[in-house]
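Chain order of the listed sequences is A and B. Going by this note's numbering, 325 is the number at position 325 of the first sequence; the sequence numbering is gapless. Going by this note's numbering, 729 is the number at position 82 of the second sequence; the sequence numbering is gapless.
In case anyone wonders, no lab produced these hints; they're calculated from the structure. Using N, Cα and C, we set each Cβ at its ideal position, and we do this for glycine too. One thing to keep in mind: the hints can contain errors.
[Claimed, not checked] Distance windows between CB atoms, simulated:
#, chain 1, residue 1, chain 2, residue 2, range
1, A, Lys343, B, Val738, 25 to 31 Å
2, A, Lys67, B, Lys791, 40 to 46 Å
3, B, Asp774, A, Lys410, 38 to 44 Å
4, B, Val738, A, Gln99, 33 to 39 Å
5, B, Lys791, A, Asp298, 54 to 60 Å
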Amino acid sequence: MFTYKLGCAWLLVSVVLGFQSVAMAFSAADSERVTFNLQKAANLHLANKKIWQRLLFFDERFGGRHKSLVADPQYFLSPQGRTQPAKELEATIRAFLNQTQVEREGQFYAPSCVWPSRYAWLAKELGFKEQGIQAPACPKLEEFLTYARYGKISLVFSNYFLNSPASMFGHTFFRMHKRVDATSPMQADLLDDIVNFSAFIYDMGSPLYPLKGLFGVYQGKFAMVPYYIKIQEYNNLESRDLWEYELKLTQEQIDFIVLRLWELGGTYLKYYYLDDNCAFILLTLLETSDEKLELTKDFGLYAIPSDTLKTVVDKNLVKNIVYRPSSLSRFFARYEQLTGSEKAIIQGILSAKDRGDRVTQKLAFFDSKTQAHVADTLVEFIDYKEKNIDLEKVGPYSELRQKILIQRSKNREAPANISAFRGSSQPELGHRSSLYALGLGYSTQNFGYIDLHWRPALHDLSSDSAGYSDEMAIDFLNVDARVYQHFFDVHEINFIRILSLAHERDLVEPWAWHLNLAYKNIESFSIDKKTFFFEGEFGKDFLIVPEQRLSFFALVGAGAGIFWQTGVWLAPSVLLGLKTDLSAGLRLVSDMTYRYGLQTEKNYAFQSLDFRTALTQTLKEGTELRGLIEYGQSSLWSYTLSLSIYH
Amino acid sequence: MQKGILAGILLIGLSASSALLAHEKKKHAHYEEPYGMAGCGMWTYAISDKSQGAQLGVWALNTLIFDGSQTSAISTGTSNCVAARPKMAAVEQKVFISANLVPPSAEAAQGTGETLHALAEIFGCSDKAGFNKLSQKHYEKIFKVNEPEAVLQNYHNVIKSDAKIASQCSRIS
């Protein structure tokens with residue numbers, strides 16, 4: 001035993017001595033200056049410092065997975081740079097002090113010009129100034145920095161738009177507010193820049209595009225474009241409200257982020273639709289500006305934009321919130337301010353489908369204020385309907401629009417003030433994306449059970465709608481399982497379920513629609529009733545009592561599925577339901593699906609009726625109590641009471 | 648036979664759902680256009696949604712402004728969409744008008760608005776109220792033809808025709 005231990009000790013000593021001599025052999029080739037700085041870096045444990053790890057884009061999730069998110073080998077100076085921060089630090093220090101030029105697209109640059117944020121940080125930590133080490137000139141970087149002078153950064157979130165449940169996930173980008181001073185006195189919000197991280201997709205038409213996005217085939221890159229481009233895209237083309245969250249950052253932090261952007265502009269990360277996506281990457285960029293910021297380590301497998309927004313707000317990083325209405329919101333705002341007769345004028349114009357001249361003739365009869373309000377509202381409606389972002393496209397209303405505007409330009413009346421209107425609720429108030437619920441229940445057929453419910457994303461009609469739409473639902477991998485006394489049952493899985501129940505509002509008349517890819521019990525004549533199926537319906541939602549948000553919906557469609565043992569079925573379906581707020585925080589959603597189908601193999605016709613009523617009470621933020629009554633699945637009633645947490 | 652049908656349902660369901668999700672996500676993912684800066688999310692969804700007008704715009708931007716020097720930047724990782732940003736500042740007027748034709752037209756007719764304000768800044772006009780009034784007064788002349796180059800030229804002409812305003816607009820030649 002003793003000999004063995006001693007043997008190991010000797011082995012260890014000789015190995016260490018061996019390494020040291022190898023290390024010393026290498027360092028003999030380095031200059032004194034390099035050796036000094038490498039030693040200092042080792043003493044200060046710089047390779048382990050958070051900022052260094054973040055400069056290399058090392059992932060801090062899963063307890064510090066040591067691999068950089070950057071997929072581009074050119075981003076690293078050491079061949080093992082992507083996985084070994086210490087090696088990368090060593091190679092970086094050497095490169096900066098030896099100034100061995102690097103090649104980029106046929107030109108050669110000093111490394112400190114390619115990685116200025118690494119240089120800035122190392123220069124400070126190692127005291128380059130005190131050592132008399134000077135950085136070489138970087139003309140291209142200087143040119144960039146002369147332009148990129150920003151005084152503030154906001155995180156901008158694009159909210160959902162009408163009839164598009166998937167848009168509830170949102171999207172985030174940075175707004176870089178240009179500094180206003182003597183050298184650049186120009187100030188206009190639209191002329192600020194934005195920084196966006198997104199996939200660069202070269203084959204948009206390909207059917208494999210969504211899968212490629214999921215599996216990281218595309219490159220994710222940073223881009224800096226004018227804010228007005230994004231405003232056109234989100235506010236006007238897609239009709240999404242924009243919410244700006246001004247961040248509490250010092251000028252030093254902002255300047256450092258700008259250096260980071262220069263470094264990252266020419267490189268790429270793997271773009272994973274679910275995982276390292278836009279929102280998450282923006283947070284990692286923020287984290288490099290301050291060691292104390294911890295924004296990303298709590299995110300697991302995926303980071304949804306709305307969750308990252310909540311993180312920034314919860315960490316007290318937000319100074320100010322600004323709302324920017326979409327084209328549809330601006331139309332609603334104007335229309336809802338009109339008097340009854342003004343609304344009637346617009347309805348008349350649109351239903352008569354008059355030519356532009358006829359319309360301006362009609363309008364000329366009214367006073368200038370009425371004319372202005374009607375014209376402004378009508379133009380807003382046209383721009384929304386035609387998704388007008390540039391006039392080169394000619395739509396059915398183009399001529400009318402031009403005639404109205406010519407008339408409007410002769411009217412000095414100012415447009416109505418719509419700044420108080422909000423087309424959506426503040427997105428940071430929204431619940432977190434994953435749902436976990438535990439409940440107890442009783443079924444008439446199988447008696448008592450424990451109910452387990454999990455949903456990674458995102459929102460259903462029973463969820464608290466603050467920050468979300470109360471008319472849309474999207475479930476991704478919604479799983480509900482029940483543990484009975486003697487067996488375990490997968491009650492329902494919705495792989496993807498999308499429901500949009502937009503109702504008519506102010507001349508806008510959307511269709512309601514529903515898609516569901518699921519696994520559950522359905523009544524049939526066969527012994528096994530579990531089925532895997534796909535179903536789709538469309539119809540209308542009718543708002544009956546606006547104050548209670550009471551609406552009734554009716555949709556028709558069809559589904560097709562398979563019972564494991566008894567084969568394929570096809571069935572037209574009808575979905576009816578209602579939803580309402582009973583009081584603040586208490587919601588009722590009740591729906592019923594009736595199917596009359598044909599089981600193809602046995603040629604049986606069957607009927608099925610699913611009925612659900614959910615009564616949900618929000619307790620405190622992110623927690624709900626839900627009472628669920630279900631009927632269906634061979635005349636089975638079940639009653640569940642569960643507690644849900646959004647995390 | 649059953650497995651085939653099952654696979655069929657699965658495929659249809661997944662395709663339909665993911666196509667819808669992808670349709671939404673498409674708006675976040677930006678097109679890689681083989682035009683350098685324009686491939687950096689500059690025109691994004693707008694391009695695909697439009698027909699020749701948009702393609703023409705991209706081509707015009709590229710050949711007339713960037714001297715056709717943009718090589719194809721399809722996922723070679725060589726296009727730098729951050730470093731390229733300042734280059735646009737030199738042609739801000741052309742780019743702005745190309746990207747924004749609708750908002751300024753409505754705002755010019757109303758005599759006020761954010762896009763109008765931005766346009767005034769781009770023209771270097773310090774008298775914002777005067778610029779707004781001028782835009783409203785000459786709305787029909789400026790927005791006679793819905794084409795960016797024409798609108799830009801018309802704006803220049805209208806400003807130059809008003810000596811007082813022109814004297815306060817530093818970027819009108």
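Now for the hints, and whether the structure bears them out:
| no. | hint | verdict |
| --- | --- | --- |
| 1 | A:Lys343 with B:Val738: 25 to 31 Å | 44 Å, violated |
| 2 | A:Lys67 with B:Lys791: 40 to 46 Å | 58 Å, violated |
| 3 | B:Asp774 with A:Lys410: 38 to 44 Å | 22 Å, violated |
| 4 | B:Val738 with A:Gln99: 33 to 39 Å | 35 Å, holds |
| 5 | B:Lys791 with A:Asp298: 54 to 60 Å | 57 Å, holds |
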